[in-house]
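There are 2 protein chains.
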Amino acid sequence: MSDTAATVTTITAKVFVTLKPSVFDPQGNTIGEALLSMGYGAVEDVRQGKYFELTVRAGSSDEARRLAEEIADRLLANPVIESYRVEVASDKDAA
Amino acid sequence: MSDTAATVTTITAKVFVTLKPSVFDPQGNTIGEALLSMGYGAVEDVRQGKYFELTVRAGSSDEARRLAEEIADRLLANPVIESYRVEVASDKDAA
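If you're matching them up, the sequences are chains A and B in order.
Using my numbering, you'd call the opening residue of the first sequence number 17 and step up by one each time.
Using my numbering, you'd call the opening residue of the second sequence number 17 and step up by one each time.
Hints in this document: simulated from the structure, not taken from any laboratory.
Any given hint could turn out to be false.
Each pair may be met inside one copy or between any two copies, as identical chains are not told apart.
[Claimed, not checked] Taking lysine to aspartate or glutamate and the EDC-like style, the derived pairs with C-alpha atoms no more than 20 Å apart in a straight line are:
{"id": "1", "residue 1": "K36", "residue 2": "E60"}
{"id": "2", "residue 1": "K36", "residue 2": "D78"}
{"id": "3", "residue 1": "K66", "residue 2": "E98"}
{"id": "4", "residue 1": "K30", "residue 2": "E60"}
{"id": "5", "residue 1": "K30", "residue 2": "E98"}
{"id": "6", "residue 1": "K30", "residue 2": "D41"}
{"id": "7", "residue 1": "K30", "residue 2": "E86"}
Could you build the full structure based on these sequences and the hints that come with them?
So, in structure tokens, the structure goes:
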């Protein structure tokens, strides 16, 4: 019943880091060629990226998102060649 | 106005590959320690995974999802230590 402070809960933030579209992706190309040789001709392109799950203590999903975006910008992504996207589950999922 | 065949469009399928919870993740741990030393004490855990964007030709998002799941199972993930999840945008996004 307290309305003085936000409750701090554990929230999972998902961070997706991908190469910018203009950057050549040799890993993705190699996977694409492997798929072609396996008979998956319907696959036109493959891009490989990184995926991180951060478990953070935060008072709200907005706070968790801000923290994850700062971490992605400072450590997880190289902003010269990569872009990132952050997804945070809504507050009710963190219970 | 044709109702004889599904139109084949280009659909992006996203595949997330993560280590199973019981598998030790040294990369994630190293990132977690780096974050601690950078002052991000609110981060309790970091898990690193892989992320793939497959551009496929398919008649429906369901068909694209089936194809991506088969590819994840056969090539992108090691089912002994990894699990995967596939996300496909709805058909209208593929236009």
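Intra/inter-copy verdict for K30 and E86 if alpha-carbon distance must be at most 20 Å: within (13 Å within a copy, 24 Å between copies)
Intra- versus inter-subunit Cα pairing at 20 Å for K30 with D41: For K30 and D41, the Cα distance is within 20 Å only across copies (16 Å; inside one copy 22 Å).
Alpha-carbon proximity context of K66 and E98, limit 20 Å: both (10 Å within a copy, 15 Å between copies)
Homomeric proximity label, K30 with E60: Cα distance no greater than 20 Å: between (27 Å within a copy, 14 Å between copies)
Homo-oligomer pair classification [E98, K30; C-alpha up to 20 Å]: both (16 Å within a copy, 17 Å between copies)
Intra- versus inter-subunit Cα pairing at 20 Å for K36 with D78: neither (26 Å within a copy, 28 Å between copies)
Within, between, both or neither, where K36 and E60 count as close if Cα-Cα is 20 Å or less: For K36 and E60, only the intra-copy Cα distance (18 Å) is at most 20 Å; the inter-copy one is 29 Å.
Consistency with the previously given hints fails for number 2 only.
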